[in-house]
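> Read off the chains here:
Protein chains: 2
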Amino acid sequence: MMDMMDITTVWEDLVWDNGGKIVYLILDGVGGLKDRDRGGTALQVAHTPNLDEIAKNSSCGLLEIVGPGITPGSGPGHLSLFGYDPLKYRIGRGVLSALGIDFDLQTGDVAARVNFATRDTEGNISDRRAGRIETDLNRHLCDKINEKVSLDFEGKFFFKTVSEHRAVFVLRGDGLNDKLPDTDPQNIGVPPIEPKATSEDSKKTADLVRKFIDRVNAVLADEQPANTILMRGFERYEHLPKLRDRFRLNAVCIADYPMYRGVSRLVGMDVLPHPGGMKQRFETLQSCYGDDYNFYFLHVKHSDSEGEDEDFDGKVDVLEAVDRLIPKITDLNPDVLVVSADHSTPAVMGRHSWHPVPAMIQAETARVDDVSRFDEYSCGQGLLGLRPGTHLMGLALAHAGRLQKFGA
Amino acid sequence: MMDMMDITTVWEDLVWDNGGKIVYLILDGVGGLKDRDRGGTALQVAHTPNLDEIAKNSSCGLLEIVGPGITPGSGPGHLSLFGYDPLKYRIGRGVLSALGIDFDLQTGDVAARVNFATRDTEGNISDRRAGRIETDLNRHLCDKINEKVSLDFEGKFFFKTVSEHRAVFVLRGDGLNDKLPDTDPQNIGVPPIEPKATSEDSKKTADLVRKFIDRVNAVLADEQPANTILMRGFERYEHLPKLRDRFRLNAVCIADYPMYRGVSRLVGMDVLPHPGGMKQRFETLQSCYGDDYNFYFLHVKHSDSEGEDEDFDGKVDVLEAVDRLIPKITDLNPDVLVVSADHSTPAVMGRHSWHPVPAMIQAETARVDDVSRFDEYSCGQGLLGLRPGTHLMGLALAHAGRLQKFGA
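For the protein sequence lines, the chains are A and B, in the order given. With our numbering applied, the first sequence corresponds to residues 1 to 408, in that order. With our numbering applied, the second sequence corresponds to residues 1 to 408, in that order.
Some hints could be false.
Intra- or inter-copy, both count: the list cannot distinguish identical chains.
Keeping only pairs whose Cα atoms sit at most 30 Å apart, straight-line, the calculated DSSO-like set for lysine-lysine is [what the hints assert, rightly or not]:
hint, residue 1, residue 2
1, Lys88, Lys144
2, Lys405, Lys242
3, Lys279, Lys179
4, Lys56, Lys34
5, Lys211, Lys144
6, Lys405, Lys196
7, Lys179, Lys328
8, Lys211, Lys34
9, Lys179, Lys211
10, Lys56, Lys203
11, Lys405, Lys301
12, Lys156, Lys196
13, Lys328, Lys196
14, Lys156, Lys405
15, Lys279, Lys88
16, Lys88, Lys242
17, Lys405, Lys160
18, Lys34, Lys405
19, Lys405, Lys179
20, Lys156, Lys34
21, Lys196, Lys279
22, Lys179, Lys242
23, Lys156, Lys203
24, Lys34, Lys204
25, Lys88, Lys405
Read the hints as simulated data drawn from the structure, not as lab findings.
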């Protein structure tokens, strides 16, 4: 290890209150690989005249979001784009899940992801997802647990539905710690794992978790198939510095999916009510664009989902649908328009990948390069080059006139 | 300022036991400069249809092995390729030479390279290599030294033939230290340099070395031309973490030259018996390819040697010979095939250089770029971009499916 400057902290010293507005259009998982039958990546195959027009007026490049060979989860991917080095700011599923259901996490809370599960008469797990129960049943079970289970300590717990078999558990109180193993054995035919403390200072938390699970088991004893719960990703919530304090950005998030709303809240964005659809998100941007904010994060989920579903054509369709909505952004004439992604999700792989994502920055102050198409290959020829994802925020701030000169 | 993460340690947290096999074909010193008369680099001039075919199916780029402007020695060069930052893991010729003769170095041993040399009647060095004596004579002299020289201390010494005029000296015992200067004056007509301690804690070692050299001089007094020895590169051996422990790689080294066998042993590779020739090395890869290993390091030495000999055409010939052997690798259809180098050795310079080396990664999961030739200029247009040499291992692991997602 060595002492090196985190470049994102240098921007903190250079920002001022002048400068223009920044719009981030994040096409989740947009990077891809070539499909042999289709002769290109989804971005290459898609007909995207509006995105290409932006490319023609932009500096383009490729972003390696977390690091070489590293496949970003959605949380770290977005942190990187927002100028938070994900190797420094570690957040996991526990915290993100809680934030994603609009839960107001407080510093020191310990959150974990929960699955309703099925255990057999011998106490072994027979289904880690309890047959993916309906969300309604999940709500009913959560109500029952909240009503009947109590923990006798100076703090409190929260137990909340996410969807289907997924829920979130949060412990709030003094001296809590997240150093305990998942109780989810990640396997069937075996019992859950004991929530044993892995350090002296997590004994209190482990004890509370054990009691909680025992009491839940009693309450759910007669339920089928969801007669137990499994927990994983215990995580203590640490306060992250806010975009306002770091970069003087009044930022707003326009997203429908919990994860992205959660990570936005984490960095201090205002999170607007669910727009309820892609077109609605673009329209929400139009209606909120004005003096209240200088940073707008508009999230498109389905470019990732179609990639995960290995649906190349579906991904192409999403990209073309996005393209048709682009004028809703460009009509606003933002000072800086960034189009990029939090990670690649090649449809030929069906999962997130480490491959760099294309990025473009359109601004009056951009050194416009010769790239005329928004895709992985064209952007690879752009003047921004291949660089870490965390660089994007500094470049956006600079292009918006928000960074002062360094030194005399 | 903050403690920045060494990205190679992040991979350690993400590796799992799944994934495919990785083959590293390392063409030592393959990077070059253009020869004005020949109109290109050796790689550009060489007819290499098989390497070019790999390029057409690969992600290509350039690797800066140690850092900008830094000319790598062979040891650091290979460490970088294996995912060990050479600025963090410092090893020198002393240790590598000992490892290269299959010597079982133990933590705390101090090793040095030795030359048999000639000194004149006034005690000045007249030939730093004793006329490059035959290896047989070297062995005879080593036997004589081992038989007749003794050092009275609680530890012991080893004195071993490498080849020609080269030998290795190892001191083993408590409290040894490597802070002493080379005794080799790197010049003739001058006496050897005194092995003076450069710090308090190297006094014991310096004293032992001085006594040893004095006694060797007495034993060799009547020999010609090898009547003395010169030592350089004193180095205390520190244990390096193994590839198995860091990246869950069961790795095997197929190489003929001591240095490369040594560095491979250092990172925990199995080192196969000397194949005894380039074709034999490729065939050894074929015969050992299977379930025992998931990482295969195949080393080609002569691309470097010809460069050092300023033999441009010789280097071209080596590359064409390598190219003819490529099917022996591609027939195995490895999940990930990496072709790269540990440093450049331009024939027009006749020595190692700092110029980045071409690299290509062929895999099902590679974002195949438009590069169609394996050379320094073509790879400079590839999608891997220009990046540190240490990145290569992470990329290889990722392409083999050996790295899990980072965060949720």
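> Does each hint hold? Answer for all of them.
Each hint, compared with the structure:
1. Lys88 to Lys144: neither (39 Å within a copy, 56 Å between copies)
2. Lys405 to Lys242: For Lys405 and Lys242, the Cα distance is within 30 Å both inside one copy (23 Å) and across copies (26 Å).
3. Lys279 to Lys179: For Lys279 and Lys179, the Cα distance exceeds 30 Å both inside one copy (42 Å) and across copies (54 Å).
4. Lys56 to Lys34: both (23 Å within a copy, 13 Å between copies)
5. Lys211 to Lys144: within (17 Å within a copy, 75 Å between copies)
6. Lys405 to Lys196: Cα proximity of Lys405 and Lys196: across copies only (26 Å, versus 52 Å in one copy).
7. Lys179 to Lys328: neither (46 Å within a copy, 50 Å between copies)
8. Lys211 to Lys34: Result: close neither inside a copy nor across copies, 50 Å intra and 67 Å inter.
9. Lys179 to Lys211: Result: close within a single copy only, 17 Å intra versus 56 Å inter.
10. Lys56 to Lys203: neither (58 Å within a copy, 57 Å between copies)
11. Lys405 to Lys301: Between copies only: 18 Å across, 37 Å inside.
12. Lys156 to Lys196: For Lys156 and Lys196, the Cα distance is within 30 Å only inside one copy (20 Å; across copies 49 Å).
13. Lys328 to Lys196: neither (52 Å within a copy, 52 Å between copies)
14. Lys156 to Lys405: neither (49 Å within a copy, 33 Å between copies)
15. Lys279 to Lys88: For Lys279 and Lys88, neither the intra-copy (35 Å) nor the inter-copy (47 Å) Cα distance is at most 30 Å.
16. Lys88 to Lys242: both (15 Å within a copy, 26 Å between copies)
17. Lys405 to Lys160: between (48 Å within a copy, 26 Å between copies)
18. Lys34 to Lys405: Answer is between: at 21 Å across copies they meet the 30 Å cutoff, but 42 Å inside does not.
19. Lys405 to Lys179: Only across copies: Lys405 and Lys179 sit 21 Å apart there, 44 Å inside one copy, limit 30 Å.
20. Lys156 to Lys34: Neither, since 51 Å and 61 Å both go past 30 Å.
21. Lys196 to Lys279: Close neither inside one copy (47 Å) nor across copies (56 Å); limit 30 Å.
22. Lys179 to Lys242: Classified as both; 26 Å inside a copy, 28 Å across copies.
23. Lys156 to Lys203: Within one copy, since 17 Å is at most 30 Å while 51 Å is not.
24. Lys34 to Lys204: neither (50 Å within a copy, 63 Å between copies)
25. Lys88 to Lys405: both (26 Å within a copy, 16 Å between copies)
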